[in-house]
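**Student:** Could you build all of it, start to finish, from the sequences and the hints given here?
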Amino acid sequence: MEKSFEPAQIESRWYARWEASGAFKPPGQGEPYCILLPPPNVTGTLHMGHAFQQTVMDMLVRYQRMRGMNTLWQVGTDHAGIATQKIVENQLAIEEKTRHDLGRDAFVERVWKWKEESGSTITNQMRRIGTAADWTRERFTMDEGLSSAVRKVFIEWYRAGLIYRGNRLVNWDPVLGTAVSDLEVNNVERDGHMWSIRYPTADGSDSLVVATTRPETMLGDVAVAVHPEDERYAHLVGKTLKLPLSGREIPVIADDYVDREFGTGSVKITPAHDFNDYAIGMRHKLPLITIFTLDARVNDEAPEKYRGLDRYDARKAVLADLDAAGLLVETKAHKLQVPVSQRSDAVIEPMLTDQWFVDLTSEVQADGRPGGRKAITEPALDAVRSGEIKFVPENWTTTYTQWLDNIQDWCISRQLWWGHRIPAWYDEAGTIFVGEDEADARVNATTEPVGALRQDEDVLDTWFSSALWPFSTLGWPGDGPVKNERGEIVANWDQDRIFLPSAVLVTGFDIIFFWVARMVMATKYFTGQIPFREVYINAIVRDAEGQKMSKSKGNTLDPLDLIDGIELEPLVQKSTKSLLIPQVREKVEKRIRKDYPDGIPAIGTDALRFTFAALASYSRTINFDIKRAEGYKAFCNKLWNAARFVLMNIESPTPPGEGGAKAPGEGSGPVTEAERWILTRLKQTLAEVEQHFISYRFDHLAQTLYEFVWNEYCDWFLELSKPALNGDDAAAVASTRHTLLVVLESVLRALHPIIPFITEEIWKEIGPRLGFSETSVYARPYPLAADFAADNAATAEIEWVKNALSGIRKIRSEMNISPARTIPLLLADGDANDRPRVAKFAAQIAFLARTETPQWIETDAEEPAAAAAVVGTLRVMIPLAGLIDLDAEKARLTKEIARIEGEIKKCEGKLGNANFVANAPAEVVAQERQRISDWNTTLGALREQAAKLRE
RNA sequence: GGGUGCUUAGCUCAGCGGUAGAGCGUCGCCCUUACAAGGCGGUGGUCGUAGGUUCGAUCCCUACAGCACCCACCA
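Residues in the first sequence are numbered from 159 upward in steps of one, following the numbering used here.
It is worth saying that the hints were derived from the structure and are not from the lab.
Calculated cross-link-like contacts (lysine-lysine; reagent style DSSO-like; alpha-carbon spacing at most 27 angstroms):
1. 735 - 273
2. 273 - 244
3. 922 - 841
4. 752 - 709
5. 735 - 709
6. 709 - 785
7. 1048 - 1064
8. 709 - 745
9. 735 - 255
10. 273 - 255
11. 711 - 748
12. 1068 - 1053
13. 735 - 706
14. 310 - 641
15. 1106 - 1063
16. 271 - 732
**Tutor:** The following block contains the structure:
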């Protein structure tokens, strides 16, 4: 093996071999265990969130596969309607073209081309992360199989009356020119104004002042509403107002939606451009007057002078005209919530349009009469409420159920070109025909179409196809094997349905609504099954300071840069390349030069993965600090060097065979206490590991294994093994070699799900030396606590050795004795165990503490002045002569005695409390008694020592 | 307005009813033949505040303060 750990070399070696060998395919035996990859945007690139999430999934998949499960990691990519279409439109913009210049077919073709070019970027990046995904079953949400599932679902829901087309007020993105769902709108607080405007009565005898943040919408006002019990306005209810600027006459109505305290207590009603007003309009059967075009300009419903103005220009014009007419009563600053499109940042304009909806709210009985259950929503709620689907951490259950309790119908049509085109046709009379294709639509129609049919222009919301992912990827609806474009079988429902439900969905909280809930709805409806048993909500990755990562802040990290490292200049280049605003560019460059003056060091995939594991507690955010990752790279190096040590000691000085070729379980078992101790610790560690996997506590998992490897195996077992390996006891030599190998090999298996590359690399050296014939550590079973035996007696012995050694080391360090210097060691007092222990571990103590052979001082013999550590009643002493300052040692002892007296005082306080003794559980009281007794023993020995020094 | 979290060592975080922990940082000694990406030993905390429950509270309860995030129609 190389002298130090070089991740780049190792990582390049294994992935392609694993993939080619079929190691990532379901083995075909064992209990099914499936994880669905949340399909990333096909033209996207891997970010830290993906890398983290995929590491979590990969750990689970590798673990379960090693446990013998029939494991499938279903991968694929999403067509990401708006996002992808926007990228290609931006490309066209550079050529000074729009999609309309190309026309629909040519444009869609161009998007497909872009998908072919960039579609493998993210999947190749996933491979760099090490994901054990079954690429032979990779799917794309717009491939033929999944598209046919989409059509099938649409048609079935339509025929069941659960998809309908309607003219409704929807969130309209005037920049993208499409409707978006409620979820795709963010409410952002902005500084704005509240204007008070006087509306005179039609007869001119009176007037009423309304308050609004959107004066331009008054062009579409159809009423003014006041509270029914508002005495100020009671006399006006039922009267007619003359709408300023347009002169239209509108009524004053009473509705208890109006808050008397807010604004002027009277509200202008614009049902075609406001969701609340729409509701009021429906209640009062008011007309709807749309005053904007689809790109948010004033249309012909308005007086001529405003027509064609953008909504904000119209606002200025309206205000100016009101002011001129003396009708603008007040203007004041006001903070308001503005609905903003997530995709374009455009301010949403509620617009009345024809759209398709999934009915999530109608309560229908089995026979179709009203008053029953919500056909799609309620089963999805039940699945979680009943505990059939569990959220981890649990509190996300509330988020999920509350959302479903208050859900609205889902607007699924988008006025885009990239996506699944809605399988609906219209005849010349406007009648709707739904089917697989035009012919199918005609066949299934109940009426004869009038004239030619034309297909609906719209496509479906991207999340519509995502909602089907749990079953569509498995070959549903099951019309035989599904093939990809190369003719390879990628799914076959008859066989693959065993993977439904999948075991766990690993995903971010931000898509519980977008995706998780909708998968439950669709999967329950169409398969009768839940899509997954557990939902593990992973944390959001932030930067080291806890700030959200964003390109415009310059605090993003590319996981591949962490893996491979990157120099400062290229990093600055790539981070600022896509930033168009010079100030932002400058700010980002400055930050990067400050944060990474030497670029980013290469830490390798394994260290990155280990870092993710170590950070994956139940908290909602994790702050990614490169320092932490560097620490875990050091861990990899530690493991690497431990393996080198083991190999060196297997290969020489005795030839391989004796310590190496022995199969596990062969021979007489561990010979030395140290071996029995480390095997006991391994057993305990593996028991903890099993728990951590069950509870998804990857942070604990990582820490448990880290501590075992570093603090137990390396710090103590390797060190304790050195004297044994160099000793004369041939049985101990052979056995120690074997145990070194056995523990290391088990640790490699235990760590493999976290750090697959380095464990594979080392295992190739270690595995065969134990006689294992597998070709990969991934083919070995996951180590279990049950595989190893505990030995409490040996553990006690080794704990004693560790205490003695720590005591000596402490004296050496505090007394500034050079680590290189070999010093004498004296022993006094002690109990019956101590003499045999000293004899047994003499070599270890002498080697690890750098002492001469220990000398016992008999009870009444003369004692030289010495510094002492106390282990039980045993005093472990280093003579002062020439080494230690007497006063310093006295001071040290005094301090130690004071500390222990403090501890004893605490114990006495507890035990002196009659209530404690009476009420605390017996074992707690006993433990306290034991502690006080132990402290007193130590105190006695220390006082004895202090007395000797005074002589 | 509803909901969900968080507050523990200089920093980032575990712990969660019975002796306060880790990583990083920091200080001292050491290139001791697996590893200086290392070894050995230290320093560092009245666990946000105030009450309550309990023999005992960082942990449970209540209130308060501060900080996040999610949902929601106040014009």
